[in-house]
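Residue-level listing of the chains:
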Amino acid sequence: MKDILDKYICKIEGHGYLKLDYNHAKVQLVVDEGERLFEKLLVGRPYLDAPFITARICGVCPTAHTLASISALENAFQVEINKDIEHLRRILLAGQIVQSHALHFFFLAAPDYIGLDNALEIAEKKPEIFKMALALKEIGDDIVRTIGGRQVHPVTPTVGGFTKKFDRKALADLKKRIDANMHLALETLDLAQTFKYPTGNFQFPISNFQSNYNDQSSKIKKDIDSGQAKMTSWRPSEYFALTNGINYDIIGGKITSTEGVRADIQDYSLNIREKVVGHSTAKHATHNKESFMVGALSRVNLQTKFLNSKAKTAIHNFKKIKLPSTNPFHINLAQAIEMVHFMEECSKLLGVMIDGKDPILKVPYKARKSEAAGAIEAPRGTLYHYYEIDDKGIIKNCDIITPTVQNLENIEKDAEFILKNTKKLPEDERYNLLEMLVRAYDPCITCSVH
Amino acid sequence: MNKLQVGIFDLTDCEGCELQILNLKDKLLKLAEIVDIPIWRLAKTPTDFGPFDIALIEGTPMSKDDIKLAKKIREKSKIVVAVGACAHLGGIPAAVDEKKRDKFLKEVYGENYKSTSVAAKPLSAHIHVNHFIHGCPIDLDEAERVIVDILMDKNPIPPSHPVCLECKERENPCLFLKNEPCQGPITEGGCKAVCPSNGLRCWGCQGPVKNANFGAMGKNLKRIGYKDQTENIMGAFTKPSGGVIPTDTTK
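Protein sequences appear in the order of chains A and B.
Under the numbering used here, the residues of the first sequence are numbered 1 to 450, in order.
Under the numbering used here, the residues of the second sequence are numbered 1001 to 1251, in order.
Hints listed in this document are in silico derivations from the structure and should not be mistaken for laboratory results.
Take the hints with a grain of salt, since some may be wrong.
Each computed DSS-like pair below joins lysine-lysine, with the alpha-carbon atoms no more than 25 Å apart [as the list claims (entries may be wrong)]:
(1) K396/A - K1099/B
(2) K1106/B - K1003/B
(3) K1192/B - K164/A
Stretch-level coverage of chain B by chain A, calculated; a stretch enters the list once three of its residues show a Cβ under 8 Å from a Cβ in chain A [claimed, not checked]:
(4) 1106-1117
(5) 1129-1136
(6) 1213-1225
Heads up, the beta-carbon is just placed ideally off N, CA and C, and yes, glycines get one too.
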């Protein structure tokens, strides 16, 4: 067995390692984190503790947890937030996604594609890429710091709005900084297109990709039907994301999949089922007992037409890669697409706020005995929080399903697919490909054991 | 002269403090010029497995392997630094009532589930720790100060004043006076009072300040309407029975 200092897959969030049966193409991604029992720790505490405490589930996407818990609690108390609060939350969550994507794309995933090992090597050997990486990470941090009060574990978001007022000048300055860095996001997307994503020799007929898209994805459907969209040669998955049919939504909306699911967030547990698996302290989620994918590639596959113009134009000009894609390594390409999209989104929303009146950032509401779920798109995919609150405002019950819990089963299935199709390769190459796959998925193992 | 060997490690936790180390950005690059970082699981493939002059450890040892890893790092390192509230205090995971852990595990994972992990405790409950960087997450300037002190062979001294001092310096309106259960008066500073400065009450993530008056805090929490929540509030970042924060004595 490997030394304890070298046991875990490096360059992913949290502690996991692969248990492989090369001959039978069986893969287990063993998750080895202590059970922190957040869902139980919250029971008996006042509801306002949830946004603060659940942030600590994950240091990479704390803002997503805070906003998901707020969304669930506001659904429970039927809080009607105003446009300003909604906009600022969308900016904040977009900033969280840029932050997380920049970190993962450049420092954890990119080394696999450019033949280096880590960020320090990138700094030394590809300083131009490192500069882009730092600038984009900083702009994500900047957005979250400006709106959320701190770049890790936000302070300001609360049920009913924000604990802090923002002046329009601070928002205008933030917009300027985002606009000044926009070109770097576009250059990153250019870079992402040059990556050599493993394609393998795996040919799949296009009909294997269930093109039963919902109405808003009609463009994708048309592309597929007309053969314009060439599916890459990978094992197809069912792709899930929140959609609202109006924009590239990240807070609320409907639970939507490429195989026709269109469900209310309150019915999440009917569609997404968790199971305990023997080899992991993280549960696995399935839909109709099958694995599925959430996250950047899922969102891009489902909602290409709602991307902002810069990202859409860039995709239109792609030379080699066609979307939607079933290649899980394209998750990293999708992250680059989303960095462009969400920076433009922040700029747009900030523009609206700067032109408006001084925002009112707290609305009155009454806590009451109730229960509800809330969901948002976290960097790694749909994040569900559910709370039951008693008449004194104390949490009675809590359920959290994280994106990585939803992806784990799919990671194992994709890994098995790779093993099945690489029997002629030497074992170490096969192993490296699997580690690279796990990294491409950007799993948040910390999140998955909460 | 040989460069100092620095290892960066994580146990069970959220990895937010490691991200803060990454968020040092240019300063981290400067650090990497003067020391070697042969092992940092989150950031690179390991190139060497010790011995280490300095080990920065984030998180609380919960899984069997966490404990094994922590002990191994201790064996191989001259100086061990506990990074962040989880390593320092046990953190939010330590707020789970240890006596109810088995019951909770069954409720979350089912009757047949066998956990091999233990309740969250401070890193110092498992291995000897030389220095601490406080906070959830760690403050960037504090992290820099402690790391630089250690590199200069100095003993990094914790701030030893309450969050209130840093809050007053910033002329924030007092949240405790607004009947919010702010833990500033009993919590050590060093965080620039970032939460109260943004309108959120202090949660005590930096750990108790020297001579913290828990009795008075407990009494006041009851006075402002948190009768059933005193231990939840004062013990958010560590278990009252964990030895870091004494139990509420006013009962």
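To see whether the hints hold, each was checked on the structure:
1. K396/A - K1099/B: Distance of about 19 Å is within 25 Å: holds.
2. K1106/B - K1003/B: Between K1106/B and K1003/B the Cα gap is close to 49 Å, so the pair fails against 25 Å, i.e. violated.
3. K1192/B - K164/A: Judged against 25 Å, a Cα distance of about 16 Å means the pair holds.
4. 1106-1117: Per the Cβ count (7), the hint holds.
5. 1129-1136: With 1 residues close enough to chain A, the hint is violated.
6. 1213-1225: Coverage by chain A is violated for the stretch 1213-1225 of chain B (0 residues, Cβ < 8 Å).
The structure fails to meet hints 2, 5, 6 from the earlier list, while all remaining hints are met.
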